[in-house]
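2 protein chains.
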Amino acid sequence: MTDITNRAGAGQAEASTARIDVADVTNRLLGTWADVRREAREMVKDPAFWRDDELARDAHRERVLEQLRLLVEKKAVHRAFPKAYGGQENNGANIAGFVELVSADPSLQIKAGVQWGLFGSAVQQLGTKEHHDKWLPGIMSLEIPGAFAMTETGHGSDVASAATTATYDPEAEEFVIHTPFRAAWKEYLGNAAVHGIAATVFAQLITNGVNHGVHCFYVPIRDADGAFLPGVGGEDDGQKGGLNGIDNGRLHFTNVRIPRTNLLNKYGDVAPDGTYSSPIKSAGRRFFTMLGTLVQGRVSLDGSAAWASALALKIAITYGNERRQFNAGEGTEETVILDYARHQRRLLPRLATTYASIFAHDEFLVKFDAVFSGAADTDEDREDLETLAAALKPLSTWHALDTLQEAREACGGAGFMFENRLVGLRADLDIYATFEGDNNVLLQLVGKRLLSDFAKQFKGADAAALARFAVGQTAGKVFHGAGLRQLGQTVGDLGSTARAVERGLREDQQHALLADRVSQMVSDVATRLRPASKLSKTEAAALFNENQSELIEAARAHGELLQWEAFTDAVNAIDDEGTRTVLTWLRDLFGLGLIEKHLAWYLINGRLSAQRAGAVTAYIDRLCRRLRPHALDLVDAFGYAPEHLRAPIASGAERARQDEARAYYAQQRASGTAPILEKHAGTHGHAGTHAGKHASTHAEKHGLQG
Amino acid sequence: MTDITNRAGAGQAEASTARIDVADVTNRLLGTWADVRREAREMVKDPAFWRDDELARDAHRERVLEQLRLLVEKKAVHRAFPKAYGGQENNGANIAGFVELVSADPSLQIKAGVQWGLFGSAVQQLGTKEHHDKWLPGIMSLEIPGAFAMTETGHGSDVASAATTATYDPEAEEFVIHTPFRAAWKEYLGNAAVHGIAATVFAQLITNGVNHGVHCFYVPIRDADGAFLPGVGGEDDGQKGGLNGIDNGRLHFTNVRIPRTNLLNKYGDVAPDGTYSSPIKSAGRRFFTMLGTLVQGRVSLDGSAAWASALALKIAITYGNERRQFNAGEGTEETVILDYARHQRRLLPRLATTYASIFAHDEFLVKFDAVFSGAADTDEDREDLETLAAALKPLSTWHALDTLQEAREACGGAGFMFENRLVGLRADLDIYATFEGDNNVLLQLVGKRLLSDFAKQFKGADAAALARFAVGQTAGKVFHGAGLRQLGQTVGDLGSTARAVERGLREDQQHALLADRVSQMVSDVATRLRPASKLSKTEAAALFNENQSELIEAARAHGELLQWEAFTDAVNAIDDEGTRTVLTWLRDLFGLGLIEKHLAWYLINGRLSAQRAGAVTAYIDRLCRRLRPHALDLVDAFGYAPEHLRAPIASGAERARQDEARAYYAQQRASGTAPILEKHAGTHGHAGTHAGKHASTHAEKHGLQG
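Those protein sequences? They're chains A and B, same order as listed.
The first sequence lines up with residues 47 to 752 when you count with the working numbering.
The second sequence lines up with residues 47 to 752 when you count with the working numbering.
If you're looking for bench data, these hints aren't it; they were derived computationally from the structure.
Be a bit skeptical, because a hint or two may be false.
As the list claims (entries may be wrong) - Each computed DMTMM-like pair below joins lysine to aspartate or glutamate, with the alpha-carbon atoms no more than 20 Å apart: (1) Lys643(B) to Asp448(A); (2) Lys129(A) to Asp92(A); (3) Lys643(B) to Asp179(A); (4) Lys643(A) to Asp427(B); (5) Lys91(A) to Glu689(A); (6) Lys494(B) to Asp427(B).
Given the structure is predicted, the values throughout are model-derived calculations rather than measurements.
Looking at chain A on its own, in the form it has when it is part of the complex (with noise of 0.2 Å):
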C-alpha cells in the first residue's frame, strides 16, 4: 500500500484513518473461481491475445481466429465439456476463465463465445452420445469452426416463432433443413460470414403434418475450400458497431438434406419412420428446457460486463487521480481533477454499483455452477436460475455501457482516443444490451415471474402474505434458493429518527426501502391487471401494456436488490476493520444512490418525508467524499496488471508530464527567468482604444477545444 497522503489529493475535508487491504478485497472480488480468473489473467498477459487496433476488419477477424486456436493449445476454454473428451465437467470455472478474456479483445471472448459456449454447447447440451463423439472433438480443437443460427431476421428474442423448417422425409430418412421467406433468414451469425464449416440450426421440427416446435440441427455448411455446399447461402454482415474481429453473416437454406440423426435428440427425436417421441411432453416446456441449456451466455456477458466496468473505471479514476486542470485554491498548483466534487459524483457512485455487479455475478455463477454440475439442480432452481439471468444481464450490461461512456468522457479527449481503450470497449460491449435476449424483453420476463410469484402467495389482501412475497424475493432465496433473510423491520417503521437519513440509513433500512419497493410494485401492477382475467385476449394485452413499463421498473428494482444484497453479504464476511469501514461506505453509496435514483416513488409513496429525502443528496455527497482518498485503493483491488489495461493515460504518464511540466515553472521561478504576467507589470504598453464593447466580463477560466 502507498502512502495515502500521495493518494488522498488536496483538500479533502474528511480525512480517514481506516485503509482496505487491497490484496484481500481483490481476493473477495475474484470470487469463487479466482484462481482460474488469475490463471485467465495470466494467460492474456501475452501481447498475442491483444486486440490489435491498427488492423482493418478482415486482418482482425484472421487475427481473432488465430487466437482461438491458441486457446485451444492452452486448454483456455474446454472447463465445461465433457471429462471423456478432455474437458473438466467444471462449468463454473469455465465461465470464469471466459469472461476474464473481456480484458485481451471483446472479439476473441464472443468468437470464443460462439464456438463453445453457444454451437459446442449446443452440440454438448442438446445432442447425445453419438453427437458428442462424431462432433465434440472437432469442435473443441477447432477443427469445426461453427455457427450457432437460432436468430432470424424477422425474430430475435422470440424465437419460438423461428420460421425455418425442418421437415422429416421418411423415404430418405432425412430432414429437410429450409428457409421459407427471407424474414427467416438466420442473422448476426459468429462464423457464418467466413470462417464456419458447420451450424446448429433452429428450427420447426415438421413430422407427419405435425410441427413440434423448434429443435436444433447439426448442419454442415461449407466444404473443405470453404464454399457453401448446395443450398445454402449466405452473406456477410459487414461493418458493425463493434466486434469486428467476429465474421458476423447471415445464412439460409434451400431444401438442404441431412441425415435423421443430425437431430440434436436429447429432448426429442424421430424414429425412422417419422414418429416423433420426446421425454417431455408438453411443447412449451420442452421449448424453454432446450433454450435453459443455453443461460450461460448470459451468465458469461453479465460477468464481462462487470469487468469491464471495472476496467474502465480503473483507468478513469488512475487518470483523475493524476491529471490537474484549472487552480481552484491558492498557490501555483492546479487542482487534480478527482478532488472536484463534481467528478467524484461521477466516477464513484459507478464504482460502487461496479462493486456491487461483480459481488453479485459471483452470487449468480455459483448459482449456475449448482444448477449444470447437478449439485442443485430441482424444477425450481432452473427456473430461479432463467429468473436471476433475467435480471442481473440487463442491469450489468446497461452499467457497462454507461460507465465506459462517463470514464470516457471523464477522460475528455484523451478518452475519445482508441489506445486508451474506453472507446473500443463500449463499442465491442454495445450488442451486449440486446444480444442474448434483449434488455428490456428480459426484464419483462423477471416482471412476469414476480407477478406469477406473487399471484401464487398472495391470494387475499393479507399483509403478512404481502411481506412473506417480499422476503421470497430476496437474495437468499434466489441465490441459494433457501435460508431466508429476514426483513430487519417493516418498512413503517423507519419514520421516528430524523437523524438516521443525515447519518446515512442504516443497511437494514436500506435494505427495507430497497426490498418493500419490490414488492409494493409487484403489488401495484398485480392489483391493476386483476380486471384482465374477465377480459378478452386482446383487451387483456391491452391492460398489460399499459403496465409494461412499470412492470419492467419492479423487475429493474428487483435485480438492483439482489445486487445490493449480494454486496452486503460480502461486506459482511470481511474480517479487517478498516476494509469493511471503507466497503461499507461504498455499499452504502450503491444503496443511497439507488434510493437517490427512485426518491420520487418514495416520496409519492409515502416511505420518506420530504426532509428526509432531502438529506439523501448531501449524505451520498459526503459518501463521495469520504470514498475519495479511498478510490485508488478501490480500483487497484480490481487487480489488473498494466498489461490487461494498455491505456497510456493509466500507466503515469500523466503523472509525470504533469511533474515535468510543474518542475519548469518551479526552476523559471527559481532563476528568476519567469516573465511576468501583464497584471503585474508596471506599464501595459500602449492601451489604445477601450474596445470593451467585445469583452466578456467573465471572471472565471474557460475555453475551448479545437
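Put chain B on the given structure of chain A with help from the hints.
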C-alpha cells in the same frame, strides 16, 4: 399525408382525428435559414458526400479531403467569409448549411469545421486585413489546409493555462514559438497528422519580459512535400472512437521562428521594438474576447447534435412502425413494436426533446447571427450568447448520444449493423460532449453566470427581486435580450386543483414549475456560498466545490427551461389547429418529462403534492398513447430523404419482409398445407418419461439471440 389508420398501428386506445400538416412542421423545424438547409440537404444527396463504411482509416481520410474540395467547388462553406474574398458575410446561414453536413458524414462535417470554422475563422476573426489578404483566399480554396492548435495535452478546457510560448525577438523582428515540455504539445488537432500545411497556434505572448497571455499566431508547419518544417514535429493520433475520416494529430515546436506580422493582431499587437499594445486593457477581458469570436463551434455542434437525434428517431420510429415481434392479442398477427407501451416510452419522449432542441437551436442561431452581423452586438449580447452556447451545447450533445443509443437498442441487432447508421453516428458524435468545451465545464460556466446575475439583482431577501431574477433567465431575455416573458402566475398558486395534473399540467403551470426550479436552485446555492466572501481563497474554493454538482444541475435546469420556451414559442406560432394540438401534446410530453425527471425535487421542495406528482407518470404514458398515431408524421416532418437516411431498416424493407412472411403463412393456411401444431395434434407419439425436472414453467415466450 398517408392514411392515418395505416400509421396508427393496432390496439390504439386513444384514437385521434387531429393530424399534423407535415410540410408546415418541416418548415418550422428547418427554421430561419430553411432555404440554406434545403440547399445543403439537396447537395448531400450526391453519394460523393456520403461516408463509405468499407474504407479503412487512411482511405477514409483521403476521401474526406476530396469531399472538402467538393464543398469548395459547390461554394457550400464560404457563407461566413467577407464578401471581399467571395464570401457572403452571412453567419447564420453559414452555420445552418454546415449543420446539415452531419447527415453525410460527421468526419466531413468536422474536418470542414476545422478548416473553415476554426483555422479559417481564427485568421478572419483574430487577424487583420494583411492576414486576410494573404491567407483567406488559400484557406477558402483549400490550397492551405490548416490546423487549429489551441488544445494542449496538459490543458483542454482551460485554454488560459496553455504552456506554449511565443517570445518576441526584437533583433530579428520574429516570434519564437516554443513547446517547453511534453504536456504543452498541441493535441487532437484535425489536419495536423497529414494534410495541414499551416496552423493557428495559441501561445503565451511574451515580449520585453512580460507575458501578455494567450494570443494566436499563424505558423507554417509543412513544406510542399508534406514534410515538417524545421523545428516542427508531431504525431498521428491514430485510431479514435469516431471521426476517423479526420487526420487528428499532435504538434510541437522547438524554437520555431515566424515573422512578427504572423501574430493575428486584432486584439493585441507587438511593435517592431517589442512594445505591446491592445485595444482591450484588461488581459482577462482581452482573452475572453478572443475566445468569444470562436463561439460558432458550439453553435454548430448544438445544431448538429439536435439534427443527428432527428435522424436517429426517423430511423428507429420508421422501423418500429413496421417491425412485428411477439403476438400479444388474438389471432395470428404479431404486434408492431411501436404499439408496445415500453417502446413508446423509449422513443417518444426523446422525440419531444429533439423537437425542443431543434427549436432552441434556431433561436440560438438567430441570436448568434445578430451578434456576429453587428445587428445586436453589445457586451451583454455577447455574454448572453456565450451563456446560451454553454447551456445548450451540453444538453443537445448529451441528448444526441442518449437518443442514438436508445434508437440503436430499439432496433436490436439491426441497430448494431453499421449500414443502419446509428452506431456510426453515435461513435462520431461521442466527442461532441467534450470538445469545444467539456460539457460539465460549460454548465459550470452557466451556473456561475446565474449566480452572478442573482447576486446583482438580489441583494436582500426579497421575493419580488427573486421573481425578477427568474424572469431574467427566460428565453425572451436570453435569446433576444429583450421582451421579458411574464410568469403566468406564481408557483404557490398551483396547488388548488388536483384535476389539473390528472389532465396534465397546462402550459403556464409547466412554465412556472420549470422556471421556479431554476430560481430556487440558484438561490439555494447562492445562500450556501454566502460565507465564501469571509473565507480564504482555498476555503472558499472548498465551499464552492461542495456545491459544484448542484450548481451544474441548476445550469442544466436553466438550459431545459430555454428549450421548453423555444418549443412553446414555436407551438404557439402554429395556425393549423390539428398541427397545434399534436405539437402541444409533444411539448407537454417534453415539459412533463422534465418535471418527472426532477420529480423528487418538486416533492422535496413542496412544489407538488405526492398525489399530484403520482399523476405525472400516468399522464406521460397517456401522452405517449395519444402521440403514437402521429409518431411517423412527426419524424417525417424532419424532412429527410432516403439519401440522408441510407439505413436499410428505414427503407421499407422490413415491412416488405413482414408482408412476405404473413402472405406465406396466410397462403399455407388457405391451402390447408400448414402443419398442425403439436398441441392441436391428437397424438404425441411416444411421450416417454416425463423429465419435467428441467422444464421451465414460464408461460410466456422468450429467447436468446446468438
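Numbers of the earlier hints that this structure fails to satisfy, in rising order: 2, 3, 4
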